[in-house]
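Read top to bottom, the protein sequences are chains V and E.
Everything in the first sequence is counted per our numbering, starting at 1 for the first residue and increasing by one.
Everything in the second sequence is counted per our numbering, starting at 173 for the first residue and increasing by one.
I should point out that these hints are in silico values taken from the structure, not numbers from a laboratory.
Straight-line alpha carbon distances no greater than 30 Å define the calculated DSS-like cross-link-like pairs of lysine-lysine that follow: (1) V:Lys23 <-> V:Lys157; (2) E:Lys329 <-> E:Lys202; (3) V:Lys157 <-> E:Lys259; (4) E:Lys264 <-> V:Lys157; (5) E:Lys329 <-> E:Lys259; (6) E:Lys259 <-> E:Lys195; (7) V:Lys87 <-> E:Lys329; (8) E:Lys195 <-> V:Lys157; (9) V:Lys122 <-> E:Lys195; (10) E:Lys294 <-> V:Lys157; (11) E:Lys195 <-> E:Lys329; (12) E:Lys294 <-> V:Lys23; (13) E:Lys329 <-> V:Lys23; (14) E:Lys329 <-> V:Lys92; (15) V:Lys157 <-> V:Lys30; (16) V:Lys92 <-> V:Lys122; (17) E:Lys259 <-> E:Lys202; (18) E:Lys329 <-> V:Lys157; (19) V:Lys30 <-> V:Lys92; (20) E:Lys329 <-> V:Lys122.
Derived contacts from chain E toward chain V, CB cut-off under 10 Å, selection only: (21) Phe181; (22) Val314; (23) Lys329.
Beta carbons: idealized from backbone N, C-alpha and C, even for Gly.
Protein chains: 2
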Amino acid sequence: MYYSFAVQFTSLRLRALISLIEKVQTEAQKDNIADATILDARLAPDMLPFSRQIQIACDNAKGMASRLAHQEAPRYEDTETTLDELKARLEKTLDYLATFSESDFADAATAEARFPYFPGVKLVGAGYLVTYAITNFMFHVVTAYDILRNMGFQIGKADFMGWEVEFHPDGE
Amino acid sequence: MYYSFAVQFTSLRLRALISLIEKVQTEAQKDNIADATILDARLAPDMLPFSRQIQIACDNAKGMASRLAHQEAPRYEDTETTLDELKARLEKTLDYLATFSESDFADAATAEARFPYFPGVKLVGAGYLVTYAITNFMFHVVTAYDILRNMGFQIGKADFMGWEVEFHPDGE
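Pulled out of the complex, with its shape left as it was, chain V reads as follows (with noise of 0.2 Å):
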């Protein structure tokens, strides 16, 4: 269960973001809309934007498969300016991803999480994945796809899911 939510769900996640965001390069070079105007985009003016969704998800990412493994993570700036570069950090984040294999989850079931901003709260092992993990990686991956869809893009539900299918219009 470890290795499949926190390596092989979140890559899938992160592989179609990639595929989302080249679309929406496609699209953006023929309407002349800069990179920045999308990576500043936002749902409210008190939500983060395009380019912090992005970041968090990978970091969500990461920090899944290093905590239950009981590794440290790497650690990324969040330096990104371009669509490119939100691109490159999607793909390093992959790659660390594919270090992991199912053994180091041997012992993920005793992980412990603690976060600086729930101060007294621990989770852990199964827990820290039901209960906080998956739902706050896939807050940040949505929310990415949401904001390009509120600008307008035309993207749709098959690309968001990274699938090669036609949804139906009530799959949306």
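Add chain E to chain V, keeping to what the hints say.
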């Protein structure tokens, strides 16, 4: 794993959506915002509105649990026109999820999922959960929240998570 994700994980998310709707109801009453305005709100003209995001999140949750438990899910009609009715649908789904116990998922690994809108695609057990079900469910849960944020409601990440704690701004 199946029980943890198909019942515990989804129940946490649906419960958080109920609290979120309750917070929005208080604010909407104060600001004279009609339920219909909220139910019809969407992030893009060709995306589904808030009401459908909630209905589908419920359907995804009951579909996931029933499918993995080799059971037939009850059918819910999509007739909700108020926030109270959407809350009732979330409650009804939670009641349904509460009927499952861990042993119901003993044969989950062989459960098959087919979709009318994915001809030829068959997903099985953990593959269904990891590549499709959790992602699709979370898509609708997060998009429902994002619609409310985009409307300007004073809700935040802690409400989304359903935790009674303050989030660090960077956690958004």
